[in-house]
Amino acid sequence: MPIVWANNTFTLVNQTGVMATNASISQSNSLIPAYNIGKYWTVNQIPSDPIKSTFSLSYYPNVGKEPNYDILNTIRGLTDDVLYSGTRIVIAGVTGFNCYLRSYELQSAPNNLVKANVSYESFTPLSGQVSNRAFASTSDWGDLTVMSSSGDWEDLTVMSSSGDWGNIEDPVLENFDKIPHGWTTYISSSGNRLIAPTYDFNYKFTADWQPTYLIGQKFPTQVNFMAGTEEMSFVRDSFTHIQFSGEEVTGSFITGDWLIELFNYQLISTWANSGALIFDVSGAKIIDTKLVVDLNNFVRTATSIRRHY
Amino acid sequence: MINELGILDRYRRENQYVFLNSGQVPGIQSIGFDNDFGAAPVNYIGANYITLAPNEAQQGGIRIDRLIIDGVDHFKPFTGESGFNLYILKDQRSPVDNYGFTSGFITNYSTRCSLGQIPRTEIGIISFGNLGKIPSGESNDTSGQFINIQSSTEVRNPTIPGPGSISVSLNNDFTLNRLLAYDININIDRRGVYALGDRYPVSIQTNYPIDISAGFTFDLANYSGYTIRDFPGNPKTGNLVLQVKSFRDDSLIQDFRFSGMTLVNESYNTNIDGNVTINAKYRKLNTK
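Heads up: the protein sequence lines correspond to chains A and B, in order. Our numbering puts the first residue of the first sequence at 1, with every later residue one more than the last. Our numbering puts the first residue of the second sequence at 1001, with every later residue one more than the last.
Some hints here could point you the wrong way.
Computed far set for chain B versus chain A, every beta-carbon distance over 12 Å [what the hints assert, rightly or not]:
#1 Ala-1057
#2 Val-1096
#3 Asn-1157
#4 Gln-1205
#5 Asn-1222
To be clear about the criterion: a stretch of chain A counts as covered by chain B if any three or more of its residues have a C-beta under 8 Å from a C-beta of chain B, and this derived list gives those stretches [to be verified]:
#6 7-13
#7 110-118
#8 194-208
#9 212-226
A few chain B residues that don't get close to chain A, going by computed Cβ distances all over 10 Å [unchecked claim]:
#10 Gly-1027
#11 Gln-1092
#12 Gly-1132
#13 Leu-1176
#14 Leu-1196
#15 Thr-1237
#16 Leu-1252
#17 Asn-1265
#18 Lys-1284
Don't read these hints as lab results, they were simulated from the structure. All figures in this text were calculated on a predicted structure; none of them were measured in a lab. Each residue gets a CB set at the ideal place from its N, CA and C atoms; glycine is no exception.
Could you build the full structure based on these sequences and the hints that come with them?
This is the structure we're talking about:
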């Protein structure tokens, strides 16, 4: 088995390249010891929960094509999950089908590129083996025989029909310079950019997916979206007092409604707006507020808000 | 660029005029600009093309070495909370052709003198604004300064300090012991406070304390050294007054007064070639 170096492999989410700096697949087999009356030692280990695979990615999002953000929006907009079957993720040649977004996290800090972390869960078997990416030297993904031989690209018709495998050299290349940045993260209220500075912004979405099994089947017949939680935190320099347990975001913390827009950093020089990752705070409640004083730093406050799906 | 004689032009010291805000600063011996653009490689798994993107604060570093020859320490006033702009011009009439920086703050100020030399100052600066060729329209400050620079006049009468016109007072240590050299260092931690949505800091703060140290080298006459065990029970402290005056008329050029300086390091040197010397280092941390 040849050693595959990071720069020679790839990560794909929903058939779109992701600029991942770290990617992992963790497959767990949930077992518990089986004890028997009359036996001192365990007689065996037996399954207690289904086999589950977790896909984790740390990556630079880009505003041109952010598959995880698109999936996040799909889930946030679900009115019924009957037809939702997850997405496909490929990490270094190993493919997970029907992967469900477990968490999506994004941080914007001053002077830095925005980084994101995402994790998915899959309850169905994985496919494939560690392999190099199979870009043809001519610039496309046409050397499909290589992919086929690895055993994990059998569903090539899907890729072909999506239309985005045949004419680009690298799924990421088109968008490599469309990374959002702290310089171009704007928080506005009713269309006006906030004057009071924000020193840090964090966004996190977590989802709870529940697989449903039937007797006689190894894998779930369906996976249901049970709940989603969205949290955002803002680091500023003025303290927000929580007055009562149902403290709304609007009112004590902010006036109006906030919109957080993360633009491509090229915006500062070209003013070419290639889109943005956009979050809003409507309907959220304040869940905690902190004041932190560190030596060698100014006094900062962090306010976290939350809403549920 | 080829000049009127058909030979390659060049820049030398005679056509490098240094202006601090709008006023010319004579006596500069050297200036170094370190203009780091903050470009970091954006590498990722399977990268076919790695771009460089900004991923840190864009700040410039500048070092200036200066002899005080006009009777004015132009940089000492900026050891406080104020910042300044600085430009090097080839032609005073054309400030747009410059290399300089804006929003500079002193991070290190040091002045030193030894026998046979005139006092020298070295300045370390961090620029939170722009660095390089500063456009006139960079800010209202720069456009105003570019206008004023053109009418600025250079000081022509040298007012040079000399070793004989320097007085140092610290615990009467240098009354009989012969002072050979001194140096004063002021280190100031400057912090740019950056917020989302802006590449310039929203505020520039000084992170106190300001670290002040003073070192003295002197020939031993009646000095009694301190033992290492004297600290912390019986530390040697004193008030430092250091004045640098013009050798012609004793007009004051530099005036440093630090109270409560504490001896933190002392070295005793003896050898076959010369007198016994002591190097003594005092330190104080100034809070706001």
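Q | Index of numbered hints that the structure contradicts, given in increasing order | A | As far as the earlier hints go, 1, 4, 9, 14 are violated by this structure, in ascending order.
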